[in-house]
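Trainee: Each chain is listed here by its residues.
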Amino acid sequence: MKYLFCNLEKCLGCKSCEIACALEHSRSKDLFQAVEEKPSPRYRLKVEYGKERAFPLACRHCDEPACVVACMSGCLSKDSKTGAVVQDEERCVGCWMCLMVCPYGAVNPDGERKLPLRCDRCREKEEPACVVACPTGALVFMEPEEFKKTVTRNSQPVTKKTS
Amino acid sequence: MNYLIIGNSAAGISGAEAIRKVDKTGKITMVSAEGYPPYSRCLLSYYLAGDIEEKKLLFRPEDFYEKNKIEVLLGKKVEKIEPEKKKVILAGKEEIAYDKLLIATGASPKLLNIKGEDRKGVFGLRTVEDVQNILQRLDKVKVAAVLGGGLIGLKAAYGLRKRGLRVKVIIKSNRVLSQMLDERAAAIFRKRIEENGIEVMTGLAAEEILADDGSVKGLKLDNGASVDCQLVVIGKGVTPNIDLVKGTAIKVSRGISVDEKQGTNISDIYAAGDVAETVDIVSGRTTINALWPCAVEQGRIAGYNMALRKSGEKAGEEHKYAGSIGMNSIEFFDLPVISIGITRPGEKGYEEVIRDIPEKGFYRKIVLRDNRIVGAILLGRINPAGVLLSLIRDKVDVSEIKDEIMEETFNYSRVVHLMKEEKISETDRLFNQMVG
Ligand SMILES: Cc1cc2nc3c(=O)[nH]c(=O)nc-3n(C[C@H](O)[C@H](O)[C@H](O)COP(=O)(O)OP(=O)(O)OC[C@H]3O[C@@H](n4cnc5c(N)ncnc54)[C@H](O)[C@@H]3O)c2cc1C
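One line per chain: the protein sequences are A and B, in this order.
The working numbering runs 23 ahead of the 1-based position in the first sequence.
The working numbering runs 1 ahead of the 1-based position in the second sequence.
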């Protein structure tokens, strides 16, 4: 299964991904119209910050997702074919139980719509919008084995980096 | 194999799903006292409020039983279990035999044991029937009283308020959500619900429910005052449904005692959900954390272990429950709050770190013991709750990041280097770039 990975060494924290994500999930999909939309278009992937560098964070579509277990409306499920965690937004009541149990804090609450937002891998698209928008090629949509080959062997856990 | 599940809610349904994952052909029967397809109790207050329609209460599609080849008996109550004969007795004396049994009977609202509790217009908030009955009565009601200021009490109050009633919440302790929140967070929360028209009366208890012609007309309080109301909702916590195991050899403490495989002391009998007593991860003691996620997880573990075959046959993997944890999330009138673990330590040996920014509606507190987080309250900005939950679960030493946790922008990338090696999956290693 493909995942949304980020080569942290290449990420500059420019947030192009956030904008592309919000735009992709807007109604108009047009930047100038999207800013006027109500409810405002929101991103599902967030560029978080470690002490020293940016850390784009999105739903990791876990093998055993805690959010699906915690979901009390039945709106979350793990798609057995694609492996993605899918959300039926119509059924969601905005109880934030999924947010409470996500070990990565990868659920973004949309307070306006009372909706927990999570990466949906841009559904049917071959490449998620954030990957397309990333100017440094840091964000990629790949199989783990494939991604493993692209990262340097001496990368460090994100908060330990001091340079 | 012949599986029987008593209960058709969070624990029962996830138990059935787990069994079906491992055993594609065994016979699964589910019995439920309620004559309703699988619905989520947690959504009842949203239904009461009119925020969702009744059909949205269902947390599984209508063809759930058919798809999973489950035989279901709705509206049938199990009166007694006979472990020696491996069968259960239904009301009306019908019997069902089993090879493996899952008890997932959940809990019922606690009663107050005060005069007048049996009057018309007095309700609990536990079943879809409760809500239907409340809704039917609404046109006769101007003022509603809610007894209890915990999660259920406040959810009831919210629902009734949204229906346009005057609502008074009567609370014995000195604050709302006293099990979840500390004084400060409770005060912020109380202010918000009062601003939205819910009256909160603390330090008071109802002594008697007054009635006129059999129907509620008011309350007598323990300070001598009386309150006029035409509807009463009792939200005083729940008690496990264990009547059906009374007089059997199945071990019961407060709820049914289970081991880490969700098995009871009697082989082939399992229990899960609000009826089961499990180990609390934070306190280390056995308790009932009567919560939806706990019920689902326990049901799943029970189901997997029930479907596990003896060695030699094709076996699934043995599953163990890591323990439950008290936590909850609630949002009223645009103010979300999440509470996890111990939030009001009564004893010595705990440290509290607090950040309170009233103008931003931000309040965050962590409670630590030996530099490990044992509890947290997040009000306003709730985003990193799950990160804190995993720090609590894994008992991670956070001495070097205590201040960072209090920052509004605190996030997962700040804790990666503290996580225990064995808790990080291969894929997570790649995500976090912990290669080499
Ligand atoms: C209004 C409300 C709001 C809630 N909000 C939250 C929340 O925000 N977060 C959270 O985590 N939890 C919440 N909860 C708690 C949550 O609903 C429970 O923890 C959960 O439903 C427990 O599931 P269970 O399967 O163990 O039992 P239950 O849901 O109690 O179901 C028990 C099942 O057993 C059946 N049964 C019982 N006795 C018998 C018998 N003798 N014979 C046959 N069948 C029987 C019943 O018909 C039912 O199908 C809320 C509960 C309520 C009522």
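Calculated from the structure, these hints are not laboratory results.
Predicted model, so just to flag it, every value in this text is computed and none were measured.
Misleading hints may appear alongside valid ones.
[Claimed, not checked] Label-pair ranges, simulated between beta-carbon atoms: (1) A/Val109 / B/Tyr37: 22 to 28 Å; (2) A/Lys38 / B/Glu401: 26 to 32 Å; (3) B/Glu352 / A/Lys172: 42 to 48 Å; (4) B/Glu54 / A/Glu168: 19 to 25 Å; (5) A/Asp86 / B/Asp335: 15 to 21 Å; (6) A/Asp111 / B/Glu95: 34 to 40 Å; (7) B/Gly362 / A/Tyr72: 36 to 42 Å; (8) A/Asp86 / B/Pro359: 40 to 46 Å.
Glycine included, every Cβ here is placed at the ideal spot set by N, Cα and C.
Trainee: Taking the hints in turn, state whether each one holds.
Mentor: Each hint, compared with the structure:
| no. | hint | result |
| --- | --- | --- |
| 1 | A/Val109 / B/Tyr37: 22 to 28 Å | holds (26 Å) |
| 2 | A/Lys38 / B/Glu401: 26 to 32 Å | holds (28 Å) |
| 3 | B/Glu352 / A/Lys172: 42 to 48 Å | holds (45 Å) |
| 4 | B/Glu54 / A/Glu168: 19 to 25 Å | violated (46 Å) |
| 5 | A/Asp86 / B/Asp335: 15 to 21 Å | violated (35 Å) |
| 6 | A/Asp111 / B/Glu95: 34 to 40 Å | holds (37 Å) |
| 7 | B/Gly362 / A/Tyr72: 36 to 42 Å | violated (23 Å) |
| 8 | A/Asp86 / B/Pro359: 40 to 46 Å | holds (42 Å) |
Violation of the numbered hints given earlier is confined to hints 4, 5 and 7; the remaining hints are satisfied by the structure.
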